[in-house]
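Work out the full structure: start from the sequences and follow the hints.
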Amino acid sequence: MITIEFLVYWAGFVLAMITLANFIAPGMLGYKENLAKVDTFIRQVFCVHCGYTVLMLVGMILACVFYNAELIANEGLAKGLNIFLAVFWGSRVIVQVVFYDKAIKKKYPIFNVMFFVAFAYLAVIFTFLTIN
Amino acid sequence: MNQYLITTIQLAGLGQLVLVLASVAIPKCLQWNEGLAGLRPLLRQMFWTYALYVTGVHIFAGVLSLFAASELLNGSFVSTAVCVLMTVWWGARVMIQFFFFDNSDMPNTLFNKLAEIGLVMLFIFLTGVYTWAVVVNLN
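From first to last, the protein sequence lines are chains A and B.
Quick note, in the numbering used here, the first sequence goes up one by one and the last residue is 132.
Quick note, in the numbering used here, the second sequence goes up one by one and the last residue is 1139.
Keep in mind that the hints were calculated from the coordinates and are not lab data.
Where a beta carbon is used, it is the ideal one built from N, C-alpha and C, also for glycine.
It cannot be assumed that every hint is accurate.
[As the list claims (entries may be wrong)] Below, simulated SDA-like cross-link-like pairs (lysine to any residue); rule was C-alpha separation at most 25 Å, straight line: (1) B:1028 with A:99; (2) B:1113 with A:44; (3) A:106 with B:1044.
[Said to hold, decoys possible] For each label pair, taking beta carbons as the anchor points, the in silico distance ranges come out as: (4) B:1103 with A:5: 45 to 55 Å; (5) B:1034 with A:73: 46 to 56 Å; (6) B:1128 with A:28: 31 to 41 Å; (7) A:28 with B:1034: 24 to 34 Å; (8) B:1107 with A:99: 26 to 36 Å; (9) B:1100 with A:99: 24 to 34 Å.
[Claimed, not checked] Partner residues are not named here, just some residues of chain A that face chain B (Cβ under 7 Å, in silico): (10) 34; (11) 48; (12) 78.
Spelled out as structure tokens, the structure:
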């Protein structure tokens, strides 16, 4: 039987896959060649933001795996965390659909669908935890 | 001692929310739009998305610290973890400022120099506050 505990653990797995994608994307999308065209400072800010995004994702994975019960209980700090994660992934779905470059999404349609499904799953799970 | 730390955490929360407000001016001060013009659209969009998410974490940590400071010190696994995360977050930011950023490309204005000093002081303060909170949670 699929339990809410399992679904939150699964969210941790989805987050791990997104984290992994952050290590594959630089080669696939030619970060190095593209970033060579901009000022050092912009390049460094981009790298720092990438690093912090991975740190955020690792924090979320650890929360799903080790604070599974607390997230489901949705009390105190965990409630705040659930609200934040629901907003974070809900907005990520909108960014994927509305903001990101259509040409790239057409070039990699499978990745586009996979990311959309992953972001939507996370948005639904954390919204459910927030309102449950 | 805890009441003193609670007030300090609330100040840290306020500091992070002020940082969020200041972040609105950063793209203009550092001429991000001009700097990003050479990038292909997807990377430019990712740059803005990542920047917004980092700001989102600052809002989350700021609100939590300002309005739920005592919750951050309740000694639970979650509160300790959040404080550890924020210690790593701001500690890394201090290291990045000193050992990674090359500011020679930054527009050389008095405002930018003063802003940098203010930011570094804030990052050090935030690292100290959350480290202190971790220590209190672990005791």
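Hint numbers contradicted by this structure: none
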